[in-house]
Amino acid sequence: AQKITQTQPGMFVQEKEAVTLDCTYDTSDQSYGLFWYKQPSSGEMIFLIYQGSYDEQNATEGRYSLNFQKARKSANLVISASQLGDSAMYFCAMRGMDSSYKLIFGSGTRLLVRP
Amino acid sequence: SAVISQKPSRDICQRGTSLTIQCQVDSQVTMMFWYRQQPGQSLTLIATANQGSEATYESGFVIDKFPISRPNLTFSTLTVSNMSPEDSSIYLCSVLAWDRGLKLFFGEGSRLTVL
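Here the protein sequences come in this chain order: U and E. Start counting the first sequence at 243; every next residue gets the next number (this note's numbering). Start counting the second sequence at 3; every next residue gets the next number (this note's numbering).
FYI, nobody ran anything at the bench for these hints, they're computed from the structure. Check each hint, because a few of them may be wrong.
Unchecked claim - Label pairs and their in silico Cβ distance ranges:
| hint | chain 1 | residue 1 | chain 2 | residue 2 | range |
| --- | --- | --- | --- | --- | --- |
| 1 | U | Glu259 | E | Gln16 | 41 to 51 Å |
| 2 | E | Gly54 | U | Ala323 | 23 to 33 Å |
| 3 | U | Ser284 | E | Thr46 | 13 to 23 Å |
| 4 | E | Gln16 | U | Gln250 | 37 to 47 Å |
| 5 | E | Ser83 | U | Gln250 | 12 to 22 Å |
| 6 | U | Thr262 | E | Leu117 | 17 to 27 Å |
| 7 | E | Ser61 | U | Gly294 | 21 to 31 Å |
To be verified - As a list, the in silico DSS-like pairs of lysine-lysine whose alpha-carbon atoms are at most 25 Å apart:
| hint | chain 1 | residue 1 | chain 2 | residue 2 |
| --- | --- | --- | --- | --- |
| 8 | E | Lys105 | U | Lys344 |
| 9 | E | Lys105 | U | Lys312 |
| 10 | U | Lys344 | E | Lys9 |
| 11 | U | Lys315 | E | Lys9 |
| 12 | U | Lys315 | E | Lys67 |
| 13 | E | Lys105 | U | Lys245 |
All figures in this text were calculated on a predicted structure; none of them were measured in a lab. We treat Cβ as the ideally placed atom computed from N, Cα and C, and that holds for glycine.
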């Protein structure tokens, strides 16, 4: 069975600093994908970044990067130069490479950026 | 990526009534999903909406309570039937689309409050 664990229910970061949000996963699949989504108070889910299990390089998307450590089964999200608009819930998710394409979500981390 | 529109964005409903949520995508997509997010919780998959056939429901969700239609490759509806306060949630439509890899994108969500 697949499982995603986010151990930080809440995090604070000072504006303009970097922050790391933790995510560990458990799967027996050899091939899988890892996602991070941002959910502001409006409720929409905004796709941030994706890492495939066979990708050799860590994914980056602008200020977002994914610190992928396959042996440790961790996929931490790093946000550089935090902005006030980064305050939101952040969800890590995983899907196996079966035909269902279903996502399993972690419990989320609430990030608050202080001015 | 796909642009996904959901209606209504929010609603307040009376106990015992039913509400239908619409999801429109700006391009044809093979796979569409419906998720539920109860207050303060993570996302849980309700079902996969299959075009031209009955939806595939996850454990704990049944067709009588959450009937789903998928008449074509760009549109789906989710009905929440005989609502109770426990159904107060954000309901999110999501689609699988290609954007430098197959990824799951979400609509802006429909926030339902049942009184």
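Quick rundown of the hints versus the structure:
Distance hint check for Glu259 of chain U and Gln16 of chain E: the Cβ-Cβ separation is about 47 Å, which falls inside the suggested range of 41 to 51 Å. Checked against the hint of 23 to 33 Å, the pair Gly54 of chain E and Ala323 of chain U fails, with Cβ atoms roughly 47 Å apart. Checking the proposed 13 to 23 Å range against Ser284 of chain U and Thr46 of chain E shows it holds: the Cβ atoms sit about 20 Å from each other. Between Gln16 of chain E and Gln250 of chain U the Cβ separation comes to about 38 Å, which falls inside the hinted range of 37 to 47 Å.
Here the CB-CB span from Ser83 of chain E to Gln250 of chain U is close to 37 Å, at odds with the stated 12 to 22 Å. The beta-carbon spacing between Thr262 of chain U and Leu117 of chain E, approximately 41 Å, falls outside the hinted interval of 17 to 27 Å. Here the CB-CB span from Ser61 of chain E to Gly294 of chain U is close to 27 Å, well matched to the stated 21 to 31 Å. Taking the CA atoms of Lys105 of chain E and Lys344 of chain U, the gap is near 11 Å; set against the 25 Å cutoff, the hint holds.
Of the supplied pair hints, the one linking Lys105 of chain E and Lys312 of chain U holds, its CA atoms being roughly 20 Å apart against a limit of 25 Å. At roughly 23 Å between alpha-carbon atoms, Lys344 of chain U and Lys9 of chain E fall within 25 Å of each other, so this suggested pair holds. Under the criterion of a C-alpha separation no larger than 25 Å, the hint pairing Lys315 of chain U with Lys9 of chain E is inconsistent with the structure, at around 38 Å. Our distance criterion of 25 Å between C-alpha atoms is broken by Lys315 of chain U and Lys67 of chain E, whose separation comes to about 37 Å.
The suggested pairing of Lys105 of chain E with Lys245 of chain U holds, with an alpha-carbon distance near 19 Å, which does not exceed 25 Å.
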